Amino acid sequence: MTEKIDILLVEDNADDIELAVHALREEKLANGITIARDGEEALDIIFHRSGDADTAPPRLILLDLKLPKIDGLEVLRVVKNDPRTKAIPIVVMTSSKEERDLVESYKLGVNAYVQKPVGFDAFRSIVKELGLFWLVINQTPSPQAFGA
Amino acid sequence: MTAAGHPVESFRGGTIQQKLTRTSVVVILTALVLTTSAVVPYYLIAGRRSIAGELNVQAQMIALNSTSALLFDDERAATETLAALQADRNVLAAAIYTSRGTLFASYEAQPSSATAPRTTIAVPVRDAIRFSGLLAQADQTIVARGRTAGYVHIVYSLRALLVDVVRFLLITAAVLVVAVFGALMAARRVQRDLTVPITQLAGAALAVSRKTDYTVRVPPNHAIGELGMLIDTFNAMLSQIQARDEELDASARRYQRLNEDLERRVAERTSELQAINKELEAFTYSVSHDLRAPLRRIDGFSGMLAEKYGPELGTDGTHFLARIREGTLHMGRLIDDLLNLARLGRKELTPRPTDLTSIVTRVIDGLGRESEGRTIQWKREPLPVVQCDPALMEVVLTNLLSNAVKYTRPRAEAVIEIGVERNGGAPTFFVKDNGVGFNMKYADKLFGAFQRLHRADEFEGIGIGLATVQRIIHKHNGRIWVDAELNRGATFYFSIGGTPA
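First to last, the sequence lines map onto chains A and B. Under numbering that gives the first Met the number 0, think of the first position of the first sequence as 0, with each following residue one higher. Under numbering that gives the first Met the number 0, think of the first position of the second sequence as 0, with each following residue one higher.
Extracted from the complex, chain B is given alone in its bound form (with noise of 0.2 Å):
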C-alpha cells in the first residue's frame, strides 16, 4: 500500500468492469468499422462493375434489335425494342437516335421531365458507360452494314445499389448492437465473477493490515477458476498467520501469568526476607543489651562479693567465685563475637581497590604480642592488589594469620608462607603453616560457628574466626578451602570474586 492511497478506494482508468466493457466496445466498433470500410467500397465497385456489364448488354442487345428499325426508319419498331426494357426496373429511361444524333424513338419508366430523352445529341457519341451521382448512363452505337445507323443512350438508375449498401449499413448496426450490448452483459458477469471476489480479497487484506484482524475469511468460489484458487490459498494463509496468531498471544500471556507470578513470589519473599532480617535485628539488640546485663550484674556482684567478703570465703570460696567471674567473661566474649558475626552478615562491603601486601605487613606487625618469644619464619611474596572491602579482608587475614601462628606454637622454628597462584582465572592466595594441623576427614567442621577441632585448654578460641572469615569470603562471592594433614600443618585457599583491580 502505498501513501497516496489504497487500492480499493481509488483506480486509476476505472474498475476492471468498465475497462472490459470499454476494451471490448472499443474492440467490437473497430471490427465493424474495419470490416464496413473494407466491405462497402468493394460491394460499391463490384456493384458498378456488374451494372456496367449488364448496361453493356443491354444496350449491345438494342443497338442489334434497332437496327432493321432504323434502316427501315420504323420508328413503332424501336420504340417496341426500347419497351422491352422495362423488365428491367432499374432502368429509368432510354433513347435511340439516328446517326445525324435526332431522337429516333425513346422510353421512360415513369415519364418525367428529369427523364425525358434530350430530342438532339452531339454526334457522333463514343461508346461508353458513366456513372454521375445516382445514375449510370450507357452510349452505344448502332451498326449496319459497316456504317454507323444510329446511337442506343439508356438511363440507369444506382438507387438499387445504394438500398443494398444502406441495408448492409442498418444490419452492420443491428450486428454493433447487439454486440455492444453482449459487451455489457459480459462485463456485468466478469464484475460478478471477478470483480467481486478481488473487491472481497482486497477489503480481507485491508482487514488484516489494518486491524490485524485474522479472523476475516473472503467466501470461497469455485466457479471463477485462478481466483478460486488465490481465495483459497488467501484464507488457507489467515488460517495458518490465525493459527500462530493465537498461539503467539497464548504463549504471551502464558508468559505474562509467569511474569506476574515471579514477581508475586519475588515480592513476597523479599517481604518475608526484610521481615525475617527486621526480626534478626531486634533480636541482636536484645541480645546485646538483654544477655549482657545479667552477665554485668553477675560479674559485679560477685566482684563486690569477693571484695567485700573474700577472706572470710577462704581459698575455695575465693577460687570458685573466681571461676564464676571467668566463666561469666567468657560468655561475654562469646555473645560479642556472635554478635560480630551476625552484623556482618548485614553489613553492606565497601569495594575498591586494595593493596593486600600492606594488610598482611600491618597484620603481622599486630600479632606482635602472640608471637612474642616465638622463632616465626615469614615467607611472604607481593600480592595483586585486587577489588575487595579493606576493612574485610583485614579480618580475613588476622584470623588466617593468628590461627598459623597459635597452631604452630608447638615447633621450634614456626614457618608461615603467605603467597598467590595464578591459574589462568582470579588469583588464588594461600596460608600456609607448619603446625599441627588437623585430620582431613573433620574438615567441613573447621568453618561453622562454635565449631572446634582443639580443645580450648590445648588452644585458647571460641570456633568463631573461621565462620567470620568463611562469610566475609562468601559475601565477596569467593571461595575458601583448606588442605591439611595431621601434625604436618595447614593450608588454607581462598580467592574473592571479580577479576584483580
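Bound-form chain A, shown alone (with noise of 0.2 Å):
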C-alpha cells in the first residue's frame, strides 16, 4: 500500500461508488483512487498512511456524511482537528443539502461542500471541476511544512 493517493473517496453506496468512479475515470482522475466503505476505515487509511513517512496523506477527501461505524462529520471532526491532517482538502459530496449539515461542515473546518445532484451529467460535471481544482489548480502545504 503505498502507491500515491490523489482521492480517497469515502462512501458506502457500491452504486454511487460505481458511479463516482465512473465519473472520475472519464476525467482521467481514476489512478490515483483509494476507496473507503465506512468512517472507521477512511481513519485508518488517512492515519496509517500519515504516520508513515515514506507516503504521502490522500491529497483530497471526498466524503459522504452518512456513512457506517463512524459518520462523515465525525471523520471530518477528527483530520481537521490533527494538525498531521488538518491541512488535506476535504469536500462533503452527500445527497442532503440539510442546513445543519451544512454549517456543522463549515465549523468543523470543511473545504467545500456539495449537493450531489440527481442528473448524472450534471454530478460528471461537478466531478471534473473538483477534481480539476483541487488537484491542479490548488496548492496545500506539505504536512511537515504544517507544523505536523
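Just so you know, not all the hints are guaranteed correct.
As the list claims (entries may be wrong) - Simulated coverage check for chain A against chain B, where a stretch passes if three residues somewhere in it have a Cβ under 8 Å from a Cβ of chain B: (1) 14-22; (2) 85-97; (3) 111-121.
No lab work stands behind these hints, which were simulated from the structure alone. None of the values given here were measured: they were computed from a predicted structure. Glycine included, C-beta positions come from ideal geometry on N, C-alpha and C.
Relying on the hints, combine the two individually framed chains into one complex.
Written as C-alpha cells, this is what we have:
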C-alpha cells in the first residue's frame, strides 16, 4: 500500500462508488483513487498513511456524511483536529442539503460542500470541476511544513 | 385601629364599668352633699326659730306667773313657778332676779356649778334670746303695775337640736352607703350586660381583621336591647363576608385548577408539537437523502447505459432511456420543491422594513429568460415600504410575477399590473394579468400543493408555487385571495399582517 493516493473516496453505497469512479475515470482522475466503505476505514487509511513517513497522505478526500460505524461529520472532526491531516482538503459530497449539516461541516473546517445532483450529467461535471480545482489548481502545504 | 394600640387592651380612663361606677358614685355623692348642705342649715335655722319662740313663751309665762311672788316677796311661790320648767327637759336652768339684780329664785335640772345661776346680775337687762355654743339664753323683764318688778333668765340646751342634725347626717350617710352599693351592683350588671358583649364584639372584630377568620361569631343576647341588635347585625355581616370569602376561595381554586390544567395541556401540546416537528425534520432529512440517492443511481446508470450501449439500443431504446432519465430528473425537482416547502414551514421570519418596489424591479429583471421574445407591458406603481421578511417576499413576488408571465403566453401583448390598494387598514397588493385565467369554481384548489388547473403540456409546472406563496403570506399573518375569469385573466391579492413600516 505504498502507491500514491490522489483521492480518497469515502462512500458506503456500491452504486454510488461505481458512478463516482465512472465519472472520475472519464475525467482521467481514476488512477489515484482509494475507496473507504465506512468512517473507520477512512480514518485507518488516512492515519496509517500519515504515520508512514515514506508515503504522502491523500491529496483530496471526497466524504459522504451518512456512513456506517463512524459518520462523515466525525471523520471530518478528527481529520481537521489533527495537525498532521489538517491541511488535507475535504469536500463533503452528500445527497442532503440540510442546513444543519452544512453549518456543522463548515464549523468543523470543511473545504467545500457539494450536494450530489440527481442528474448524472450534472454530477459528472461537478466531479470534473472538483478534480481540476483541488488536484490541479489548488496548492496545499506539505504536512511537515504545516507543523505536523 | 391606630398605631398607638388596639381597642381591647388599652382604655383611656378605664373600662365602661369603672366609668359607670365612678359616675354613679359622683352623682350620688353630689346629690347627697347638695341635699345635706341645703337641709342642715335650714334645719338649724328653723330649729333655732322654734326654740326661740318656745323660750319666749316660757319666759313670758314665768314672768306673768312670778309677778305676785315678787310683789309679795314669796320666794317659795317663785321657786315653784320655776319648777314647772322641769316639764321641758331642754331647760337646764332658770332664775328670777329682783329689779335690783339679786337672785330671787332659781331652778336647775341637774344642779352643777356649770349651770348654777349667778347671784347678781347687772340691771337693767334687755329682753332678748341669745344663742351661744350649745346653749340658748332668754332674758325677760317682769313687769307689775307698769313698773319693772324683776327679771327671768332661762338657760336652754340645744343638744336635742344637735342630736337631730347628727341623726339626719347619719341617715344621709346610711343612704349614701346603700346608694353606692346599689351603684356598684348596677355597674356589675352593666359589666354583664354591656361590657361582656362589647368585649366579645371587639375580640371578634379583631380576629376578623387580624386573622381574616370569618367563622367567628359573637354569642347572641336579646336581653340587652340595641347592643343585641348590634351583635345580630355584626353576625349577619360576618356570615355574608364568610359566604363571599368562601365563594372567592372556591373560584380562586377553580381558576387555579383551570390554569394548571391549561398549562399542563399547553405543555403536552408543546411537547407533542416538538415531537412532531422532530419527526418531520427526520422525515425531511431522510426524504432529501434517501429518496434522492436512488434517483441519482437510476439516472447515473441510465446515462452510462446510453453512452456505452446507445447504438445497440436503437432509436426506440434510446428514446425510452431518455424518458426514464427525464422522469427521474422531474421527480428530483419534485422532491426538491417539496423539501423547500417543508423547510419554509420551519423557517423563522426575520422581518424588517422592506422596499417592495425594488424587490419587484429585481424580480422582473430576473424573469428575463422567461419573457424572452414576448411583448409584455408592465404597469407598475410605487409600492410602500412594509415590515416583512425580504427574502421570502421576493419568493412571493417571483412566483406571482412568473405565473403572470407564464399564463399570458398566448397573448400577443401581455399586460401585467402590479399595484396597491389602500382601504383604511393594511395595504392590499395585487398582481393582475390578462392571461388565460381560470374558472372561479376551481379557485379553492389553486393554493394546494401539487394542485394544478392546467395540463403540464400547456403550461409547465408542478403546482408548488402558489402553495409556497400562501404559506409565506400566512407566516406574515396575511391573507391571499384571487379573482379570475376564464380567458380574461387573473388578479392575485395579498395583504401582510401588521401596519406599514
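Could you work out which earlier hints the structure fails to respect and list their numbers in ascending sequence? none
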